[in-house]
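Build the full structure now, drawing on both the sequences and the hints.
So the protein lines, in turn, are chains A and B.
One point on numbering: in numbering that gives the first Met the number 0, the residue at position 126 of the first sequence is 125, and numbering is uninterrupted.
One point on numbering: in numbering that gives the first Met the number 0, the residue at position 9 of the second sequence is 8, and numbering is uninterrupted.
If you are wondering where the hints come from, they were derived from the structure by calculation, not from laboratory data.
All residues carry an ideal CB built from backbone N, CA and C; glycine is no exception.
Just so you know, not all the hints are guaranteed correct.
To be verified - Here are some, though not all, of the chain B residues that point toward chain A, as calculated from beta-carbon distances under 10 Å:
id, residue
1, GLU4
2, GLN9
3, GLY10
4, ILE14
5, PRO27
6, ILE30
7, GLU51
8, GLU64
9, GLN85
10, VAL91
11, ASN98
12, SER100
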Amino acid sequence: MNNVAIVGTGQTKFSKDDGDIEKLLFESTKNCIQSVRNCESKDIEGVLVSTNNNSKYLGAILSETMGIQPKITHSIEHLCSSGTNALISGYAYISSGLADMILISGVESATNPGQVLEWDKSRGNFEHPIYWASMLTKSHKRKFQTTEEELAIVSAKNHKQAMDNPFAYSNEPRTISEVMNSKQITDDLRILDCSRSCSGSSSILLASEKIAKTISDQPIWIKGIGQKTTSASFTKNVLEEIESTRIAAKTAYEMAKIEPNDVNVAEVHDAFSVCELMAISELGITANDKSGEFVRDLFNTENRMINPRGGLIGAGHPLGATGISQTIEIATQLQGKSGKRQISNLKTGLVHNMSAAGTSSSVMVLEN
Amino acid sequence: MTFFEEQLKQGIFQISYCEKCNDTIWPPNEICPICFNKSEWKKSNNIGKIIEFSKKDSTYFGLVEIDHGIRIMGEISSTSIPKTGQSVTMNVSFDSKPNYSFIVENN
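Written out as structure tokens, the structure is:
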């Protein structure tokens, strides 16, 4: 298998207003191609578009607009983890030798059809994600004695970290007290516990080892990949667990030949506050009953190890772009180019992206 | 409209199962995912227990487990704060999407 590296990245600012899908795609792609020296559009052999938008033939449209005539192009949809699924498809094309350079562009408009999974009949008329998130939160409180303050710290931390992310939809700081007193959505969920659907686009250029070394001074290597889908129906989950994440993480760690404690920085899928606590446990970064304490320590010591760009809660959640934006953050951190939010002495980073209440998860391990 | 949905509209929660595999099929399906034989249908006993619950505005809602371990979300009617493990009876209907509702027994 060929080694695969991230060699270019480009983003647009995320926004809670509706956006033009094509314009957003073109902007992040342009920024991505311009981030790489000596890269011409004709060198790109594959174009994958990650989105929940219903537009057709976006891969070919993006290719033509950017002057690319790729061997391979198509769209990829997998709800909230469309982005990492597209990246992993790009990885597979390169590692198998079918292509040497692939562009992966994710895009979404704030109002998009990916927010509710109508197929899931077990949700009855409680289809919206706030209902499963309420179940997960209540259950986490019950089993692990998680407090409302610990949940609020996740949001306060991620909003604070997003202030140094120029692509985040909001750069407003939120105190723990503001989160705890924000609008009540259900008995177990406040508005500031929720990530917000956004418009935005993020793009990554992947290359094989032989190309990467000629066009990038700091290629970031994809060393481990794990994916698992346990079901499509939320109600098959054990409420206190995200089994798909646990399995995907194990596979990714084995492939990368690392242990959870080797992870220096991680972007995890904090669709809701409780998801961050559950994710860091299932990833083996901390124990289930210690996740609240772990995040409190990060917040108190201003340690940005988890969700340095602000996560989904702080940066916003343009579904098809989210996994790509998470990956850009980890790649940029590993390159030492994250500006004000740079964490020092990094070797290994992790991306965790999931869909539909954690019924499907993708985990990637990156190294510099 | 599927058979399951048509039956919900008449107030009946039908459970699909495979006679050959002796197993429940959920979500409802006309084919067994193990042996691919045609599934059979039987009516739920409309009794369940609360797995977890929360409240939005003045309405309780939650995850309830009915017969054969099937878990579904719906409104919970109770005169006091519900409890996990509490027994409920189920009513169902269908109006563009399924609607499951539960009443706490001995309310």
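For each hint, the structure was consulted:
| no. | hint | in the structure |
| --- | --- | --- |
| 1 | GLU4 | holds, 8 Å |
| 2 | GLN9 | violated, 16 Å |
| 3 | GLY10 | violated, 14 Å |
| 4 | ILE14 | violated, 12 Å |
| 5 | PRO27 | holds, 7 Å |
| 6 | ILE30 | violated, 16 Å |
| 7 | GLU51 | holds, 5 Å |
| 8 | GLU64 | holds, 9 Å |
| 9 | GLN85 | violated, 14 Å |
| 10 | VAL91 | holds, 9 Å |
| 11 | ASN98 | holds, 5 Å |
| 12 | SER100 | holds, 8 Å |
In summary, the numbered hints that this structure violates are 2, 3, 4, 6 and 9.
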